[in-house]
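Undergrad: Spelled out from the first residue to the last, the chains are:
Number of protein chains: 2
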Amino acid sequence: MASHKAEALLVSSPASVRYLTGYTGSNGLVLITPLESYFFTDPRYATDAQANIDCKVHICRKGLFEEAAAVVKRKHLKRIGFEPSWMQVEPFEKLKTKLGTGIKLVPVSGVVENLRAVKSPAEIARIRAAVSANSEAFRKTLSRVKPGVREMDVAAELDFQMRMLGAEKPAFETIVASGARTALPHAHPTSKKIEAGELLLIDMGATLDGYTSDMTRMAHLGAPSKRTIALYKAVLAAQLAGIAAVKPGVPVSRVDAAAREVLKRHELDKAFVHSTGHGLGLEIHEGPRIAKKEKTKLRAGMVITIEPGAYIEGFGGVRIEDTVLVTETGCEILTPTSKQLIEI
Amino acid sequence: MASHKAEALLVSSPASVRYLTGYTGSNGLVLITPLESYFFTDPRYATDAQANIDCKVHICRKGLFEEAAAVVKRKHLKRIGFEPSWMQVEPFEKLKTKLGTGIKLVPVSGVVENLRAVKSPAEIARIRAAVSANSEAFRKTLSRVKPGVREMDVAAELDFQMRMLGAEKPAFETIVASGARTALPHAHPTSKKIEAGELLLIDMGATLDGYTSDMTRMAHLGAPSKRTIALYKAVLAAQLAGIAAVKPGVPVSRVDAAAREVLKRHELDKAFVHSTGHGLGLEIHEGPRIAKKEKTKLRAGMVITIEPGAYIEGFGGVRIEDTVLVTETGCEILTPTSKQLIEI
Chain A
27 MASHKAEALL
37 VSSPASVRYL
47 TGYTGSNGLV
57 LITPLESYFF
67 TDPRYATDAQ
77 ANIDCKVHIC
87 RKGLFEEAAA
97 VVKRKHLKRI
107 GFEPSWMQVE
117 PFEKLKTKLG
127 TGIKLVPVSG
137 VVENLRAVKS
147 PAEIARIRAA
157 VSANSEAFRK
167 TLSRVKPGVR
177 EMDVAAELDF
187 QMRMLGAEKP
197 AFETIVASGA
207 RTALPHAHPT
217 SKKIEAGELL
227 LIDMGATLDG
237 YTSDMTRMAH
247 LGAPSKRTIA
257 LYKAVLAAQL
267 AGIAAVKPGV
277 PVSRVDAAAR
287 EVLKRHELDK
297 AFVHSTGHGL
307 GLEIHEGPRI
317 AKKEKTKLRA
327 GMVITIEPGA
337 YIEGFGGVRI
347 EDTVLVTETG
357 CEILTPTSKQ
367 LIEI
Chain B
27 MASHKAEALL
37 VSSPASVRYL
47 TGYTGSNGLV
57 LITPLESYFF
67 TDPRYATDAQ
77 ANIDCKVHIC
87 RKGLFEEAAA
97 VVKRKHLKRI
107 GFEPSWMQVE
117 PFEKLKTKLG
127 TGIKLVPVSG
137 VVENLRAVKS
147 PAEIARIRAA
157 VSANSEAFRK
167 TLSRVKPGVR
177 EMDVAAELDF
187 QMRMLGAEKP
197 AFETIVASGA
207 RTALPHAHPT
217 SKKIEAGELL
227 LIDMGATLDG
237 YTSDMTRMAH
247 LGAPSKRTIA
257 LYKAVLAAQL
267 AGIAAVKPGV
277 PVSRVDAAAR
287 EVLKRHELDK
297 AFVHSTGHGL
307 GLEIHEGPRI
317 AKKEKTKLRA
327 GMVITIEPGA
337 YIEGFGGVRI
347 EDTVLVTETG
357 CEILTPTSKQ
367 LIEI
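Protein chains in written order, with this note's numbering: chain A, 27 to 370; chain B, 27 to 370.
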């Protein structure tokens, strides 16, 4: 914030508001000033907010931004940082009008996101709980998959099992893709039946106590072909190479390169159409991105995914993904599920 | 658009993009000009978009807005409408820079939303399908509720059943609240067990083929007290009064007032802390809002919820909600589930 010469920061992105205050509702705003922090919400959340949030709590009958503007004026603040990738043009224009001349709104990106990228022990414990529900739901569901079951039924069962294990919801739309559909990196589960002789890709995550997990595993119905085994082995080698590169101080681009180089050796680099991973926490996608041109260096306490894949149109695709904690000396793979190609 | 003197419109809200093009992915942008419509997306969706979208399809290697800006310049368009409640400050500023001087960005609100408020027969058919999965999942799940079951387990079962009936997902976080927690209009399901002698509130919706449903029903474990019965009857009378007021040409505020007046007669108007309903379709909340000061007049083809409630802290709350289609002569209640207070 100092580098932007902002005296205060308005935080409106829901995950960052939750991170700063613990507020889990849908209508909250935080104003951080040098001396105090203020929290704004509407009357529905009055009791909860006043009891639990360690800020000056304002219950707003009108708009949250209006009330925040009044505080800014009362405190004679002149340069207010805001999150340009979270603030819409409409509230922004209203806020500007409300503040009037003499008060400047300064775009400030990534301040809270940077704090959020390194997890506290309490946050890591929550991610472990999400990872555990995720893997356990996978284990329970997979034992019921057999030829003739629809992709959407497997997805529904995975989501149900995660819920029964304490998750609030899936961290994203669970992907269950079979046969040639495994070559679509963002396949929605359909009414297609999973058939003998097919690859099966499951990409799933749990949100538990606000925190997320992310895992991809592959199965094959019946004995896989040589080509499938070769594809699987190449992606697994790439994933292990990515994990081996994870260590504090390493630029994320090097982790991405480590996975990419292995696929290149197998002439599969063009089949790897996405980045190697992403941070996760209160959001399923948060900093750092593990990608080609990203310069961020890993720090102990970051939690990231390592998930290379290779996709061959008309044949199928393979992706293998773990949730990984960066430690002082390297990393810990949080996901306990085996990475052997499962034969059903 | 004419009233804003905009020659073209940039549509970036995902539901409106889907409405205009059928695109169901997460990265689409539409530019409507007098002669042509353009659709912008990234390479992941190339095959799908080129085959299925009836616009000039641009597959963008860089940003979607950058590419749209290039089209605007090439076509010599000078005034471009955009959606101020959907466009964030960051892409907006980039777009402005890219367009340069001489091209004006004009905030234009609600153009596509107004079209979306009146549903086509095909859309109504999809909403009926969502309503049907919703009610059927409710019926199947309710037969399994008994004292000792946790709220979160009932929610998980409802969501699972909706999925098995073809829904992609719940239309919103399913609410299952029991006992005094029914007095919280936005209760999250918890590990609290549902006990004999308690009220049970279930507020659920399905998203099926992109379209949503919304329903709230009440049950009671064991015989309800006189006070509970009186509360239930008052809310039911309010809900029926709201429905009776639904007809083309009627301002939505009058529907809200019809429900509110009944609760006032029962001295429950202060216990009714939200609005009477909302439109639904591709989004669970869309136009029109059925609320006090709203001036919109109902039109045949609108699909709305009617959902008055009364909430008494420490005792409990009742809400009853149907999904309702405005017809030429009045309305049709789409939700088939009975509105008797269910005794378990």
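There's no promise every hint is true.
It does not matter which identical chain is used: a pair holds within one copy or between any two.
Stated by the list, open to error - In the EDC-like style, the derived pairs of lysine to aspartate or glutamate whose C-alpha atoms are separated by at most 20 Å in a straight line are:
no.	residue 1	residue 2
1	Lys273	Asp74
2	Lys88	Glu320
3	Lys321	Glu93
4	Lys323	Glu93
5	Lys130	Glu149
6	Lys130	Glu116
7	Lys124	Glu199
8	Lys130	Glu119
9	Lys172	Glu162
10	Lys172	Asp295
11	Lys219	Asp235
12	Lys318	Asp68
Think of the hints as simulated: they come from the structure by calculation, not from any bench.
Undergrad: Indicate, hint by hint, whether the structure satisfies it.
TA: Tested hints:
1. Lys273 - Asp74: Neither, since 40 Å and 39 Å both go past 20 Å.
2. Lys88 - Glu320: This pair counts as between: shortest inter-copy Cα distance 16 Å, intra-copy 41 Å.
3. Lys321 - Glu93: Neither. Shortest intra-copy (38 Å) and inter-copy (26 Å) distances fail the 20 Å Cα cut-off.
4. Lys323 - Glu93: Cα proximity of Lys323 and Glu93: none, with 39 Å in one copy and 32 Å across.
5. Lys130 - Glu149: neither (35 Å within a copy, 46 Å between copies)
6. Lys130 - Glu116: Answer is both; intra-copy 17 Å and inter-copy 16 Å each pass.
7. Lys124 - Glu199: Intra 39 Å, inter 34 Å, cutoff 20 Å: neither.
8. Lys130 - Glu119: Both, since 12 Å and 16 Å are each at most 20 Å.
9. Lys172 - Glu162: Within one copy only: 18 Å inside, 26 Å across.
10. Lys172 - Asp295: Answer is neither; intra-copy 32 Å and inter-copy 55 Å both fail.
11. Lys219 - Asp235: between (33 Å within a copy, 18 Å between copies)
12. Lys318 - Asp68: between (43 Å within a copy, 18 Å between copies)
This entry does not satisfy hints 1, 3, 4, 5, 7, 10, going by the numbered hints stated previously.
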